[in-house]
Every structure is written in structure tokens, then in C-alpha cells.
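Here the protein sequences line up with chains A and B, keeping their order.
Just so you know, we're using the working numbering here: the first sequence kicks off at 1 and counts up by one.
Just so you know, we're using the working numbering here: the second sequence kicks off at 1 and counts up by one.
These are calculated hints, taken from the structure and not from any lab test.
Take these hints with a grain of salt, some might be off.
When chains are identical, the list treats them as one kind, so a pair holds in a single copy or across two.
Unchecked claim - Subject to a maximum C-alpha distance of 27 Å in a straight line, what follows is the list of computed DSS-like cross-link-like pairs (lysine-lysine): (1) K188 x K56; (2) K82 x K36; (3) K53 x K207; (4) K53 x K36; (5) K108 x K21; (6) K21 x K53; (7) K56 x K199; (8) K199 x K108; (9) K36 x K225; (10) K56 x K207; (11) K188 x K21; (12) K225 x K188; (13) K53 x K199; (14) K207 x K98; (15) K36 x K188; (16) K199 x K36; (17) K207 x K108; (18) K110 x K98; (19) K108 x K82; (20) K188 x K82; (21) K21 x K225; (22) K88 x K188.
2 protein chains.
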Amino acid sequence: MLASQFNMGKSNLIFRQLFDKDTSTYTYILACSETKSAVIIDPVLECVERDLKLIKELDLNLLYGINTHVHADHITGTGKIKLYPTCKSVLGSKSGAKADMFVEHGAKLKFGNLTMECRSTPGHTNGCSTYVLHDQRVAFTGDALLIRGCGRTDFQQGAKEILLYNSVHSQIFSLPSDYQLYPAHDYKGLTVTTVNEEKTLNPRLTKTLEEFVEIMNNLNLAYPKRIDVSVPANLVCGLQD
Amino acid sequence: MLASQFNMGKSNLIFRQLFDKDTSTYTYILACSETKSAVIIDPVLECVERDLKLIKELDLNLLYGINTHVHADHITGTGKIKLYPTCKSVLGSKSGAKADMFVEHGAKLKFGNLTMECRSTPGHTNGCSTYVLHDQRVAFTGDALLIRGCGRTDFQQGAKEILLYNSVHSQIFSLPSDYQLYPAHDYKGLTVTTVNEEKTLNPRLTKTLEEFVEIMNNLNLAYPKRIDVSVPANLVCGLQD
Chain A
1 MLASQFNMGK SNLIFRQLFD KDTSTYTYIL ACSETKSAVI IDPVLECVER
51 DLKLIKELDL NLLYGINTHV HADHITGTGK IKLYPTCKSV LGSKSGAKAD
101 MFVEHGAKLK FGNLTMECRS TPGHTNGCST YVLHDQRVAF TGDALLIRGC
151 GRTDFQQGAK EILLYNSVHS QIFSLPSDYQ LYPAHDYKGL TVTTVNEEKT
201 LNPRLTKTLE EFVEIMNNLN LAYPKRIDVS VPANLVCGLQ D
Chain B
1 MLASQFNMGK SNLIFRQLFD KDTSTYTYIL ACSETKSAVI IDPVLECVER
51 DLKLIKELDL NLLYGINTHV HADHITGTGK IKLYPTCKSV LGSKSGAKAD
101 MFVEHGAKLK FGNLTMECRS TPGHTNGCST YVLHDQRVAF TGDALLIRGC
151 GRTDFQQGAK EILLYNSVHS QIFSLPSDYQ LYPAHDYKGL TVTTVNEEKT
201 LNPRLTKTLE EFVEIMNNLN LAYPKRIDVS VPANLVCGLQ D
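Next up, chain A with everything else stripped away, as it sits in the complex (with noise of 0.2 Å):
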């Protein structure tokens, strides 16, 4: 089934997808329509005052700066972000970071009238996190899984691929067919595909495990570029003294 994007189910949820050009980072802001409580997730340090620009324009109360993880290829803006009054940093309590409120497997963070529900999804690191709005049928998945691809599994805690695997088939594989996924990057321009796309037609997730593991072994990836000062910095949640 292919789901629309105009076609979510009862919905009072405000939604923006932002694009950083140069790591290709996607940021969200999601929002009560109702209550105009809102959250960020995963926001660019040098797109901040973008981010917050928008959020007042919008008239927006934002409650979280939610890191899917700790991430290796840019700074986290929930530091900077956090110069909101009521913002208040979010990670995954598996992530061995800093952050002003930890959430479990399971947890329910509410912004008005809406609930997103956290599912932990380790694999390409230990505190990845996937957050679902079951009622818009929409979940973000961090870099747990991307459009056609899923994070690398080989750096932070270790290599990973079968965790990574089992993240993704029990928990983001298993929501309901015409979900949309919005990813925390793509590097072709893509913005958003489906659970039903992504058991489909992911090269790599739809292959057996003892495949997925010799695909992701068989990477030969580059060094991250910005990990040496984005990691360091991220497990604080970029704040900076």
C-alpha cells in the first residue's frame, strides 16, 4: 500500500521537515495545532537560529530538543537550541550521553495533544531511538533506518549489524504497512518512504541477516569526517562552555 502524505488519519499535528545542505541532516518540527506545544528533533547546530526563526514565526511553545542518538557527523543545536526557556534536551537512556531527560523503550513523551512513543533501536549506536506518532502514522527513525539504507554499524560501540537487524524487524518493519519513515538523512535528496517501501525495496534490510552482515562488513566506509569533534561534543548534547 502506498500511504500519502495528506492522508494520515485524524491529525492536529503542525509539520516541518528541514534540510541541512552540508552533512544532509534532516530536522523535524512537530507540533499540537491545538495547544502549540511542539518539539525538535535531531536540530543542526549551525541551522539553529533557522530552526528557532521558524518555531517563533509559527507561534510554537517547544517543550523538547529530541536527539534520535549521538550522532558522528554534525553537532547537535539542542545546546544552543535550550536557549529556548522551556526546552529541555531529550535521549535515549541507552545513549551514555548527557541530556536533561533520558527516555526508555516504551516511554511516551506528550507535547499537547499529541503522543509520540519511544521504540529503542540499537545498532548504529546503543541509544538510537525511533519516535512514533501512531495516530498520523508517521514514525522517525533516526539513522536506524534511511530511505533504500539503513547507519553504518562499524563505529561508537563496536560493530553491530545484527543488533541493528533485529532493531529494524522488530520494531520499525513491524508498524503497520503505510507508515511514513522520515529518516534522519538522505544523501540523494529523497524526503520520506514508507514501511511497506522499505520491506520492499531496501537493499539491505530485506535480505536474511547472515547477508545484511556480510553487506555491512563489505562497506569499506570512510573515517566520518566530523566524528573526532561531533561525538565529544554530542554526548553533552553540544553544549558549550
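With chain A's structure known, arrange chain B on it following the hints.
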């Protein structure tokens, strides 16, 4: 009123926004979920393979390759995308360029069970068109209206500030305030806006006509890098002999 992308009234629209980083151009794929009939708006030559791959993956039947106008910043993909057998290129009737089909102001373009209204919105170029899907409460504005901006008015067919101002006010700002607006470009990573947002926040088009002309006459924009290559190619719909 703030509209949600997830609350677009009755909808059988499959919708994909695609981005070209080199030129910050947005391409859109729209399709009827019942019949799979599809159109593509403003494809970019260098991204045609990506676009056709997605069209094939989604099992769509491409009917039209639409250019909102004769672009000056990139070569259209419509010439190449016509390798897809059922696809016809479409341009506004006042564009002064080649295409398989020309649409007049007020014309309705049907694909499957969806209907898209063409509105003539000249100013950036003479042939600029905005395409409106009323059932989905969404419009594709090309370069007539950008997010917190608008297309330049100083090239191709001469100074056309008054024309652009009147186009936006009479054809776009006259739409219901919750309609989502998708532009042909954004240079800051924003993806969508609404009629209400631009009517209240656009720094140029909220001004009086006199102030708007003054602003546009003092932009001091550089000569577009690719105009001498792009416009001649786009005048023949990007077809390469």
C-alpha cells in the same frame, strides 16, 4: 491558521518532494493512489535517473512532465524523462518555449482521479504557472512565490515587478489561508509554507506594491551562473539532439 501536511482533507494523493542540492531545486512527484497515474513537476536533468527509479519502484504511470516555467538556473529533466513512454512535457501557454502540451490559465490537468488547476502567475517569467490541487489544499508555486521570498523579476522578459506582485496577490494569496505551498526552490532547507504564512510573514509580498518594486529594484543580484546554458535548453524542454 496553521495547516498540517497530515490533515489535507480527503486525499488519494501520493506525494513526494525531492531535492537537488546543487541548485536547491525541489521536484515533485504526484500520483493518484487509486489509478497510479502520475505527474512530475520541475524535474532536474541530473536527477532524472533517481526520479524514474522512484516512479518505477512506486509502480506509477507517468503522464506529464510539467515545468512551472522556463528555468534559468538548471536544465529541466523533462526532455530526458520523456524516455518514459507515456510522458508528455507540459508548459504554460505564454512560456514562448517548446512542449508537447500547453496549459492556459484556468485549465484543468487530470491524472487518475485527481485534478490540478493551472493558474497563470507571470512576473518571474511570462509563462510562470502555479498548479493547485484544491481537494488536497495544496499548490505548487514554482518561482512565483518562494518561502519568505519570490523569484527575481529582472531577467528573461525584462523588469516585471508589478506583474509578479499582482500574480501572487490575485492567484496565490487569494487561495484559502490553510493551503500548503510548495515552491520550486529553497536555499535555507525549508520545505513548505502556507498561504497564511506568506500573507503575514513574506518580507517582500506583505509590502505595498510601491515598496515591493523598490525592494526588487535594489536586490543587486548576480547574473545567474547557468542562465546561458539553461534557458536555451529549457526553451526546447531540455531535449538534446
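### Query
If you check each hint against the structure, which ones fail?
Hints 5, 9, 14 and 17 contradicted; others consistent.
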